[in-house]
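Novice: Here the structure of chain A is known, so what remains is to put chains B and C in place on it, guided by the hints.
Protein chains in written order, with the numbering used here: chain A, 1 to 197; chain B, 1 to 197; chain C, 1 to 267.
You can trust all of the hints, since none of them are fake.
Quick look at which bits of chain B chain C covers, simulated, 3 or more residues with Cβ under 8 Å:
1) 57 to 69
2) 87 to 93
3) 99 to 113
4) 120 to 133
5) 151 to 157
Everything labelled a hint here was simulated from the structure, so no lab data went into it.
C-beta: ideal position from N, C-alpha, C; glycine also.
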Amino acid sequence: MTGTLKSVVESLIFVAETPLSLDRLASILEEHERSELRAALEELLADYDQPGRGIALVEVAGGYQFRSRPEHADYLKRLSRTRPPKFGQSSLETLAIIAYRQPITRAEIEYLRGVDCGGILKTLLEKKLIKILGKKDVPGRPLIYGTTREFLELFSLKNLASLPTLKEIQDLAQPPVFEEQGELPLAAVTGEEGTGE
Amino acid sequence: MTGTLKSVVESLIFVAETPLSLDRLASILEEHERSELRAALEELLADYDQPGRGIALVEVAGGYQFRSRPEHADYLKRLSRTRPPKFGQSSLETLAIIAYRQPITRAEIEYLRGVDCGGILKTLLEKKLIKILGKKDVPGRPLIYGTTREFLELFSLKNLASLPTLKEIQDLAQPPVFEEQGELPLAAVTGEEGTGE
Amino acid sequence: MTNPPSESANLFNDNHGSGYNVHVGAFEGPLDLLLHLIKKNEVDIYDIPIAAVTRQYLEYLELMKELNLDVAGDFLVMASTLLQIKSRLLLPVQVDEEGGEEEEEDPRAELVRRLIEYQKYKEAAQQLEVLPLLGRDAFVRSSELPELKEQQLVDDTPDVELFELVEAFRRVLASLPVQTFHEVGSEQITIADRINDILSLLQERDSVAFEELFSEGTTRDYLIATFLAVLEICKLKMVKLTQVSSFGTIWITRAVQDAADAHEGEE
Numbered sequence: 001m002t003g004t005l006k007s008v009v010e011s012l013i014f015v016a017e018t019p020l021s022l023d024r025l026a027s028i029l030e031e032h033e034r035s036e037l038r039a040a041l042e043e044l045l046a047d048y049d050q051p052g053r054g055i056a057l058v059e060v061a062g063g064y065q066f067r068s069r070p071e072h073a074d075y076l077k078r079l080s081r082t083r084p085p086k087f088g089q090s091s092l093e094t095l096a097i098i099a100y101r102q103p104i105t106r107a108e109i110e111y112l113r114g115v116d117c118g119g120i121l122k123t124l125l126e127k128k129l130i131k132i133l134g135k136k137d138v139p140g141r142p143l144i145y146g147t148t149r150e151f152l153e154l155f156s157l158k159n160l161a162s163l164p165t166l167k168e169i170q171d172l173a174q175p176p177v178f179e180e181q182g183e184l185p186l187a188a189v190t191g192e193e194g195t196g197e
Numbered sequence: 001m002t003g004t005l006k007s008v009v010e011s012l013i014f015v016a017e018t019p020l021s022l023d024r025l026a027s028i029l030e031e032h033e034r035s036e037l038r039a040a041l042e043e044l045l046a047d048y049d050q051p052g053r054g055i056a057l058v059e060v061a062g063g064y065q066f067r068s069r070p071e072h073a074d075y076l077k078r079l080s081r082t083r084p085p086k087f088g089q090s091s092l093e094t095l096a097i098i099a100y101r102q103p104i105t106r107a108e109i110e111y112l113r114g115v116d117c118g119g120i121l122k123t124l125l126e127k128k129l130i131k132i133l134g135k136k137d138v139p140g141r142p143l144i145y146g147t148t149r150e151f152l153e154l155f156s157l158k159n160l161a162s163l164p165t166l167k168e169i170q171d172l173a174q175p176p177v178f179e180e181q182g183e184l185p186l187a188a189v190t191g192e193e194g195t196g197e
Numbered sequence: 001m002t003n004p005p006s007e008s009a010n011l012f013n014d015n016h017g018s019g020y021n022v023h024v025g026a027f028e029g030p031l032d033l034l035l036h037l038i039k040k041n042e043v044d045i046y047d048i049p050i051a052a053v054t055r056q057y058l059e060y061l062e063l064m065k066e067l068n069l070d071v072a073g074d075f076l077v078m079a080s081t082l083l084q085i086k087s088r089l090l091l092p093v094q095v096d097e098e099g100g101e102e103e104e105e106d107p108r109a110e111l112v113r114r115l116i117e118y119q120k121y122k123e124a125a126q127q128l129e130v131l132p133l134l135g136r137d138a139f140v141r142s143s144e145l146p147e148l149k150e151q152q153l154v155d156d157t158p159d160v161e162l163f164e165l166v167e168a169f170r171r172v173l174a175s176l177p178v179q180t181f182h183e184v185g186s187e188q189i190t191i192a193d194r195i196n197d198i199l200s201l202l203q204e205r206d207s208v209a210f211e212e213l214f215s216e217g218t219t220r221d222y223l224i225a226t227f228l229a230v231l232e233i234c235k236l237k238m239v240k241l242t243q244v245s246s247f248g249t250i251w252i253t254r255a256v257q258d259a260a261d262a263h264e265g266e267e
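Extracted from the complex, chain A is given alone in its bound form:
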């Protein structure tokens, strides 16, 4: 019986978002006496106090919480050493514009996004997801950008032609129309902006 209670307490502490206090524990496990809960906690504390454990049960901020052992901090830092590209919305939007409209100049990207993109372009260049394709043959000869092989790898794409089109995604939202579809495909194009929420 105690074995089971201990195990329930263990999983509750493990899953809880914040340190779990005895009070909270008692309110979750109403069917048990506080003394039982305290005993289960004591046992757990002893279990996790064994040498060679990688997880510690600590009393913190009025409750109990599992933490990694401080002496392993160096190893844990290595977890974040090789961080893959993590995308914020603005990076993703910029990348999407370049992917779908390449070759494209910075001015064109900024026109579409309505904001300055210099910083994001630099980051994307550093991450090798985009590259400079050359200069555009217009006054000012602005740089033009396109996506890289690494971009394709990131999205597991064979080539640029495998990029899904906007239409293909939008078609998912609408059930196929049986009756009147056949006329001019122009309707599909103008309908594009309409569906935006």
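Specialist: Okay, now just chains B and C, sitting in the frame of chain A:
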């Protein structure tokens, strides 16, 4: 020495936000042989397999992760603020078809289910349970879909090979082909039309 | 409650008595309904009595209408498939002019294959549901660990999917004011430009969807120039237009495929 390595591995798995694969472990702990790491993992798995533990070490989505024991779900629900994931029959059918038949196109899914699946596909994409794998090399180059790591995590699956074996309808003459697949101890569900929700 | 016609009340009678209509709408689709009818009639799936099953199927659709449920198009498609199979079974085997050598397949065969396949995945879906579901049966650590707060933890794979990329692009386009968006392509576009564009697209790929040619621009000039360009190169027999199914996508392919490309196009 092994004691320490085991404890480092334990805290790494504990801290990582997604299942930690052996590959990733090996790249973090370069100074150790893979065989050592594997041994440490084996020991840990045995430790956590003891009766009366509230935390389980499970192999899921190609890595290792600590999870609460399913038998404690009722208690843990009292903690959790988020609503548990819930699936309608149509989402589950679509997911099952994609899981077993990937890579698969929308048309193929719809042929198998006999109904339009666009809306469901979009929802599953948004939930990151499926992803676009690219386009199929047939006329029209339709998008092809597959399941994600999140799908494996959600359904507590080690990998795609550990999906429950597909059962043939009735007792067909030929014996089941995938005899050695029996990793998951899941009793086959003999549901009638059991959509009872 | 509407009383279903007595005949159908018999047909749909099961353990639940005539309270069957509680289940109305519980079918996932026409295949699901058909499987139900086959089970209910306890007939061999390999020898479906099509006439009886078709009648019951249609009666069910009637019931759905009576209950003011939308009968989805998919159900109607299946109804016509059933009727077609039924009529083919009634017809004497025709002597085919083109291919007399092949044995006529049982008209029901494809339907049976689909039903068996569907049943397999329906059961697989039920098995998926009883797996320990994360967030329902099993939970992971959700606490923030103070010692690692400032560090972003790493995933095995980057946290971005192709779908998100497309969605991001859609967001950008959706946020554009329509008026200004039109100005983007306001430069003069000629039919010759578009002919060149299309032909160079066809250098890269074997086929291009008709719609795709219109996806780039939104100005009237652009659309018209593109359309006329397609007509022009068709007339010059430089490209071929094909459509696999009615109302399906129209495909534009080069009229003459390069020998070098031929192996790529093989199926």
